[in-house]
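Could you put together the complete structure from these sequences and hints?
There are 2 protein chains.
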Amino acid sequence: MKHQPTNMNVYVTGVATTKFGELWDVSPRQLARQAVQAAMKDAGVHPEHIKGLFVGNMLSGMLGGQEHLGAFFSEELELFVPASKIEGACASGGLAVHAAFNSIRSGQYDTVVVLGIEKMTDHRPEDVATALMGAGSEEERAAGATFPGLYAMLARAHMRAFGTTEEDMAAVAVKNHFHAGKNQNAQFQKEITIEQVMHSSRIADPLKLLDCSPISDGAAAVVLTSQKSKIKNQKFVEVAASAVATDTLGLAQRKSLTELSATKRAGEQAYTMAGVRPKDIHVAEVHDCFTIAEILALEDLQFAKKGKAAEAIRNGEVTLGRAKHIVINPSGGLKGCGHPVGATGVKQIAEITEQLRGTAGNRQVARARIGLAHNVGGSGATAVVHILKM
Amino acid sequence: MKHQPTNMNVYVTGVATTKFGELWDVSPRQLARQAVQAAMKDAGVHPEHIKGLFVGNMLSGMLGGQEHLGAFFSEELELFVPASKIEGACASGGLAVHAAFNSIRSGQYDTVVVLGIEKMTDHRPEDVATALMGAGSEEERAAGATFPGLYAMLARAHMRAFGTTEEDMAAVAVKNHFHAGKNQNAQFQKEITIEQVMHSSRIADPLKLLDCSPISDGAAAVVLTSQKSKIKNQKFVEVAASAVATDTLGLAQRKSLTELSATKRAGEQAYTMAGVRPKDIHVAEVHDCFTIAEILALEDLQFAKKGKAAEAIRNGEVTLGRAKHIVINPSGGLKGCGHPVGATGVKQIAEITEQLRGTAGNRQVARARIGLAHNVGGSGATAVVHILKM
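Respectively, the protein sequence lines represent chains D and C.
Position one of the first sequence corresponds to residue 0 (numbering that gives the first Met the number 0), numbered consecutively onward.
Position one of the second sequence corresponds to residue 0 (numbering that gives the first Met the number 0), numbered consecutively onward.
Take the hints with a grain of salt, since some may be wrong.
If several chains are the same, the list does not tell them apart, and a pair holds so long as it fits within one copy or across any two.
Subject to a maximum C-alpha distance of 27 Å in a straight line, what follows is the list of computed DSSO-like cross-link-like pairs (lysine-lysine) [claimed, not checked]:
#1 227 x 388
#2 50 x 254
#3 40 x 305
#4 40 x 307
#5 234 x 304
#6 323 x 278
#7 40 x 234
#8 388 x 323
#9 50 x 388
#10 18 x 40
#11 227 x 305
#12 323 x 304
#13 254 x 40
#14 307 x 50
#15 50 x 304
#16 304 x 189
#17 181 x 305
#18 307 x 323
#19 234 x 305
#20 388 x 254
Hints in this document: simulated from the structure, not taken from any laboratory.
In structure tokens, the structure reads:
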């Protein structure tokens with residue numbers, strides 16, 4: 000895909016993430032207000048600066064019967080700006096950022112808000128599981144597959160091809176819980192051990208409870224702008240690349256089960272757009288909906304050689320305080336920070352922005368100047384990669 | 000909203016619409032294939048030309064449990080390109096065109112397909128009615144309101160303020176059925192009379208059955224490009240403006256019930272972007288989900304003075320073969336052609352393109368060179384206006 004550059008650079012100028020978790024006493028309206036008002040305050044912008052709203056959400060229609068979330072939140076936030084909802088399963092947040100990025104570069108809007116939001120815990124778990132399968136193929140749905148089962152197949156294929164072990168996958172969960180403990184908005188604040196992961200209930204063999212990201216509520220918001228000169232805030236992080244790729248919905252139609260081809264292609268395109276190489280990235284938020292997914296992401300994004308990601312993770316090479324080149328999922332990732340589906344892709348941009356600004360507190364990655372966010376829909380049918388530069 | 004022009008013009012270069020109606024023997028996959036393959040053939044482009052896919056759909060998640068339609072149709076159409084679903088209730092199709100337009104002008108993609116699609120008749124009517132209320136406010140949903148009821152309130156307000164009569168509204172249905180009779184893809188092929196409308200069942204007083212657009216299946220696709228020189232097809236229609244505005248979801252929160260403020264604002268912005276006046280428009284597809292909605296649209300888009308649209312319609316001033324300045328809804332509109340929700344906004348672009356090319360057959364508007372498409376979500380919370388030029 001050839002990219003024709005325009006002169007319109009896009010910057011992240013304000014970010015915010017709410018607490019992620021089981022937020023029984025908070026409504027979607029309150030979550031949206033918290034995230035957007037904090038992001039606008041962070042950006043130093045007022046409602047009159049905002050020219051467009053992009054909402055990333057997957058489940059509101061299926062679980063709550065409420066669609067039309069663009070106008071819904073535009074009203075709730077008293078913005079009354081052009082608004083739309085973007086959906087691509089668990090990649091809805093990343094796709095919303097992509098749409099917002101395009102809208103600014105096109106000259107259509109100069110400053111916009113992207114809101115990612117999901118409220119999952121108000122519904123029966125079986126309804127949530129059924130709704131989430133709205134991201135899978137018709138055949139998978141008909142067969143009664145669930146996402147833990149689908150990712151378990153990916154795990155089995157990776158174990159067979161590269162000798163990856165259950166302990167290797169457990170190491171992803173241990174690392175991401177360790178990171179999450181440094182993030183006050185994370186759903187899980189407790190460190191766990193390899194043994195605890197290994198002894199947790201088997202959900203879809205070889206994946207156990209502590210290999211799986213949780214069901215979460217939460218929202219994240221980012222303010223994007225091309226108007227560097229008009230906004231007083233000096234905290235601008237450039238969006239150097241925004242790339243999307245798709246693959247088959249179902250696993251059965253894929254050529255390989257030991258990689259997510261959409262991630263590879265979105266990553267390659269993003270590196271080209273940004274003019275950087277994988278080894279130039281200092282910090283990345285990748286889509287670890289299950290522990291095996293982080294292993295796949297590190298390989299598909301070329302942070303590790305094929306079959307070598309597990310070793311790098313196990314050896315602490317991507318852990319805060321121990322990493323040499325790159326830290327993966329300092330926020331705690333989906334596993335530790337939580338995974339309110341539509342919010343995740345936006346939260347990743349917020350986290351990378353904080354890291355590049357140097358405002359990530361006690362989970363700060365030292366000298367991070369280039370970061371990457373990687374958001375996946377379904378079992379890899381959609382992948383979105385953003386690269387941010389300070 | 001200030002528009003900052005880029006050098007990237009966007010053209011419609013291929014369009015197609017499937018039959019609209021109760022398509023019991025056709026699946027969503029088949030509808031999508033029919034529309035997209037025909038639009039690509041019309042454009043003279045091959046799959047390798049297509050760099051992005053934008054899907055407009057509202058109800059697939061709520062009615063069929065299938066979300067993730069970007070990747071779903073990208074796979075079904077064997078495109079495997081960056082893809083996303085855009086949702087904004089009945090304005091989903093228009094919003095998908097808007098997102099596609101922005102993506103091209105940004106330089107991100109050079110040639111894309113927009114697919115609008117909805118399959119409504121496979122489901123119980125009460126489920127469809129409930130799902131459609133996903134476009135309304137929480138209060139309206141809690142009160143058990145339906146869209147015929149909400150538009151009935153708008154009709155009553157207009158009748159009280161301007162003396163609009165039930166016969167005036169009936170004239171919209173009569174005109175649009177007359178137009179639909181010239182459109183082989185239209186759901187209704189039969190002319191109706193004022194008397195038939197007046198004697199049809201009362202749905203939500205003063206709206207009767209024949210004041211309401213039907214429940215429909217159907218798909219429409221358009222190919223948009225910036226690559227005029229690379230595509231052999233000589234049938235380029237320029238997208239001169241793409242504008243969106245939002246309002247409150249619920250009617251109770253509006254300042255006025257005799258206009259849709261979002262339509263007015265999107266229209267004004269589109270006229271500014273395109274550098275044209277309302278009187279320059281030769282043909283328009285407007286969102287007549289109920290007959291009163293066409294009356295409101297004509298006034299809000301400044302094709303008629305406030306309170307005067309009904310008279311213009313009744314006098315045949317916007318009817319094919321009788322119009323002086325502008326023909327409204329030559330396709331038959333939502334009322335006559337049908338209203339597969341997510342498809343409607345894309346079908347409108349397809350119809351205006353055919354009209355400007357001079358390929359609209361026996362419903363051709365003479366000497367049409369500038370056209371407008373107007374798509375509404377809910378009872379006016381979202382409005383999308385596109386202006387096309389030959």
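Quick rundown of the hints versus the structure:
no. : hint      : verdict
1   : 227 x 388 : within (15 Å within a copy, 34 Å between copies)
2   : 50 x 254  : between (43 Å within a copy, 22 Å between copies)
3   : 40 x 305  : neither (43 Å within a copy, 41 Å between copies)
4   : 40 x 307  : neither (42 Å within a copy, 46 Å between copies)
5   : 234 x 304 : neither (34 Å within a copy, 49 Å between copies)
6   : 323 x 278 : within (11 Å within a copy, 66 Å between copies)
7   : 40 x 234  : within (12 Å within a copy, 48 Å between copies)
8   : 388 x 323 : within (19 Å within a copy, 57 Å between copies)
9   : 50 x 388  : both (24 Å within a copy, 26 Å between copies)
10  : 18 x 40   : within (17 Å within a copy, 50 Å between copies)
11  : 227 x 305 : neither (40 Å within a copy, 42 Å between copies)
12  : 323 x 304 : within (16 Å within a copy, 69 Å between copies)
13  : 254 x 40  : neither (47 Å within a copy, 29 Å between copies)
14  : 307 x 50  : neither (45 Å within a copy, 33 Å between copies)
15  : 50 x 304  : neither (43 Å within a copy, 29 Å between copies)
16  : 304 x 189 : neither (31 Å within a copy, 66 Å between copies)
17  : 181 x 305 : neither (30 Å within a copy, 60 Å between copies)
18  : 307 x 323 : within (16 Å within a copy, 72 Å between copies)
19  : 234 x 305 : neither (37 Å within a copy, 48 Å between copies)
20  : 388 x 254 : neither (34 Å within a copy, 45 Å between copies)
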